[in-house]
Amino acid sequence: MTTGSALDTRKVPAAPLPVGTWMRIFIRLFAVQGSWNYETLLGNGIAFCMEPALRLLPGGRAGGKYCEAIGRQARYFNAHPYFAGVAVGALARAELDGVPPAMIERFRTALGGPLGSVGDRLVWASWLPLCSLLALGAFGYGARPLLVIAIFLTTYNVGHLFLRAWGLRVGLNKGLRVADALAHPVLRRGPQVVGSTAALTAGIAIPLAASRLIGGGRFLAAEIILAAMFGGVLFARFGGRLEGWRMSLAILVLFVLFSVIR
Amino acid sequence: MIFLDILPIVILGAVLGMDVVTFPQAMISRPIVAATAAGAFIGNAPAGLVMGAILELLALEMLPFGASRYPEWGSASVVGGALYAARWEDRPGALAVSLLAALVTAMVSGWSMVKLRRLNASRAAALRDRLDSGSADAVIGLQLFGLTADLFRGGAVTFVAMLVFTPLVPALVARWATDERYSRAAVVAVVAAVASGAVWKIFHSVSNARLLFVAGLVIGAILVVAR
Numbered sequence: 001m002t003t004g005s006a007l008d009t010r011k012v013p014a015a016p017l018p019v020g021t022w023m024r025i026f027i028r029l030f031a032v033q034g035s036w037n038y039e040t041l042l043g044n045g046i047a048f049c050m051e052p053a054l055r056l057l058p059g060g061r062a063g064g065k066y067c068e069a070i071g072r073q074a075r076y077f078n079a080h081p082y083f084a085g086v087a088v089g090a091l092a093r094a095e096l097d098g099v100p101p102a103m104i105e106r107f108r109t110a111l112g113g114p115l116g117s118v119g120d121r122l123v124w125a126s127w128l129p130l131c132s133l134l135a136l137g138a139f140g141y142g143a144r145p146l147l148v149i150a151i152f153l154t155t156y157n158v159g160h161l162f163l164r165a166w167g168l169r170v171g172l173n174k175g176l177r178v179a180d181a182l183a184h185p186v187l188r189r190g191p192q193v194v195g196s197t198a199a200l201t202a203g204i205a206i207p208l209a210a211s212r213l214i215g216g217g218r219f220l221a222a223e224i225i226l227a228a229m230f231g232g233v234l235f236a237r238f239g240g241r242l243e244g245w246r247m248s249l250a251i252l253v254l255f256v257l258f259s260v261i262r
Numbered sequence: 001m002i003f004l005d006i007l008p009i010v011i012l013g014a015v016l017g018m019d020v021v022t023f024p025q026a027m028i029s030r031p032i033v034a035a036t037a038a039g040a041f042i043g044n045a046p047a048g049l050v051m052g053a054i055l056e057l058l059a060l061e062m063l064p065f066g067a068s069r070y071p072e073w074g075s076a077s078v079v080g081g082a083l084y085a086a087r088w089e090d091r092p093g094a095l096a097v098s099l100l101a102a103l104v105t106a107m108v109s110g111w112s113m114v115k116l117r118r119l120n121a122s123r124a125a126a127l128r129d130r131l132d133s134g135s136a137d138a139v140i141g142l143q144l145f146g147l148t149a150d151l152f153r154g155g156a157v158t159f160v161a162m163l164v165f166t167p168l169v170p171a172l173v174a175r176w177a178t179d180e181r182y183s184r185a186a187v188v189a190v191v192a193a194v195a196s197g198a199v200w201k202i203f204h205s206v207s208n209a210r211l212l213f214v215a216g217l218v219i220g221a222i223l224v225v226a227r
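Taken in order, these protein sequences are the chains called A and B.
Position 130, counted from 1, in the first sequence is what my numbering calls 130; the numbers after and before it change by one each time, with no gaps.
Position 96, counted from 1, in the second sequence is what my numbering calls 96; the numbers after and before it change by one each time, with no gaps.
These are computed hints drawn from the structure, not numbers from a lab.
Hints may be right or wrong, so weigh each one.
Label pairs and their computed distance ranges (CB to CB) [as the list claims (entries may be wrong)]: (1) B:R87 to A:G113: 18 to 28 Å; (2) A:P16 to B:M107: 42 to 52 Å; (3) B:S205 to A:F230: 21 to 31 Å; (4) B:L7 to A:L56: 16 to 26 Å; (5) A:A165 to B:N208: 27 to 37 Å; (6) B:S205 to A:P16: 38 to 48 Å.
Footprint (simulated), chain A over chain B, 3 or more residues, beta carbon under 8 Å [claimed, not checked]: (7) 19-29; (8) 123-131.
Negatives, chain B to chain A, calculated, CB over 10 Å [claimed, not checked]: (9) L4; (10) D5; (11) P8; (12) I11; (13) F41; (14) R87; (15) R91; (16) W111; (17) F152; (18) A156; (19) L163; (20) V164; (21) P170; (22) W176; (23) S183; (24) V190.
Small disclaimer: the values here were computed from a predicted structure and weren't measured.
Note that CB positions come from ideal geometry on N, CA and C, so glycine has one too.
Just need the whole structure built from these sequences, with the hints factored in.
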């Protein structure tokens with residue numbers, strides 16, 4: 001019975017939040033990982049971001065529903081931070097629509113995994129490396145510091161800000177039906193397209209950046225490129241067991257000792 | 001170097017260290033941005049950019065997935081960029097020693113992030129009853145505590161690193177006995193190898209990625225030769 005009424009509620013077009021409330025939630029989303037920890041992960045951040053919307057529940061901040069919702073939403077939750085807006089919006093909509101707590105709990109549990117994996121693949125493993133490589137390519141081509149930084153920050157944050165705003169909007173609009181939005185072709189095919197572009201960009205950017213780092217005269221350029229290719233293959237082959245920065249640290253320590261002590 | 005000399009760098013390290021995880025994750029903490037900004041603070045942005053590009057090549061490999069442990073590049077890049085930009089740009093060994101300082105800082109700063117996460121967890125456990133009963137004050141308080149602690153963490157790491165490495169880097173550079181060109185070549189070879197391997201690993205599941213990477217290498221090589 002309660003489930004049926006909740007489903008009926010979801011068929012009603014969602015009432016938009018006041019602009020001020022939407023903005024408060026959106027700004028708080030930038031700090032969603034503020035208290036990230038190994039026990040509740042993003043949980044407290046979700047409640048923190050959603051709190052302005054929960055003030056609209058019957059009784060306001062002094063009401064029982066407000067406290068129950070805060071308590072429910074401050075528990076364990078995991079998602080990619082840029083996609084946390086989807087969860088915040090959808091869960092806020094569910095709370096405001098009076099969806100039964102048990103259904104909210106089940107939805108909350110089901111939502112975390114997909115929001116984590118979609119975000120990790122699209123942002124951390126595709127968009128961020130692509131933007132880094134674009135900046136490295138610009139550096140290698142001789143761009144000045146301000147231009148390199150502008151290329152990186154502008155490109156990256158167009159995607160970043162769009163995802164945060166889109167996530168909150170789609171979550172608030174769709175509520176418990178937000179899974180439809182996660183099946184969007186951009187989210188499904190995006191990592192593949194961005195990854196392909198990044199692979200091509202990497203091939204261009206790495207030699208350009210290395211060339212500029214070597215400096216004028218390109219001393220030992222051929223040897224460096226060969227060493228980099230050989231090292232890259234080795235690292236890719238055995239990289240699962242060895243992190244590149246740790247390997248670099250070990251090599252640098254030995255090199256510095258050799259150069260200082262001899 | 002007195003405290004006031006490194007104060008702007010410490011503030012920059014604190015703010016950019018915070019960007020890595022807690023606020024606002026706009027990637028102003030990426031090495032190519034953070035080290036360049038630190039170089040600009042010292043008055044030598046191009047030197048900061050060189051350090052930033054080197055660290056960015058290394059950072060390509062590290063994907064900040066959820067609970068995984070990784071070096072913290074924000075504060076570390078500020079330290080590396082500031083040290084390299086300070087006044088040793090053209091001296092043999094300055095690049096290698098400043099990079100070593102940045103990597104050690106990244107390692108220590110990554111460790112400090114783990115400690116902060118544990119501190120946040122114990123704080124959340126202490127507030128568990130209030131959080132379960134729906135106290136908004138507890139939720140907001142915990143969030144503000146985490147944000148403030150992270151700002152302090154980044155600042156403290158940067159301060160200690162600058163305190164240790166500001167005298168240590170010139171001391172090591174003064175005793176440097178390897179030719180500058182070989183020193184630079186060694187650094188570039190290592191970071192380019194790590195970056196190539198990282199790209200290979202990250203995009204191995206993308207169809208045709210290896211072909212595209214090789215095609216890119218050909219284009220890149222042509223551009224290098226043509227310039």
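Violated hints - listed by number, lowest first: 1, 4, 22, 23, 24
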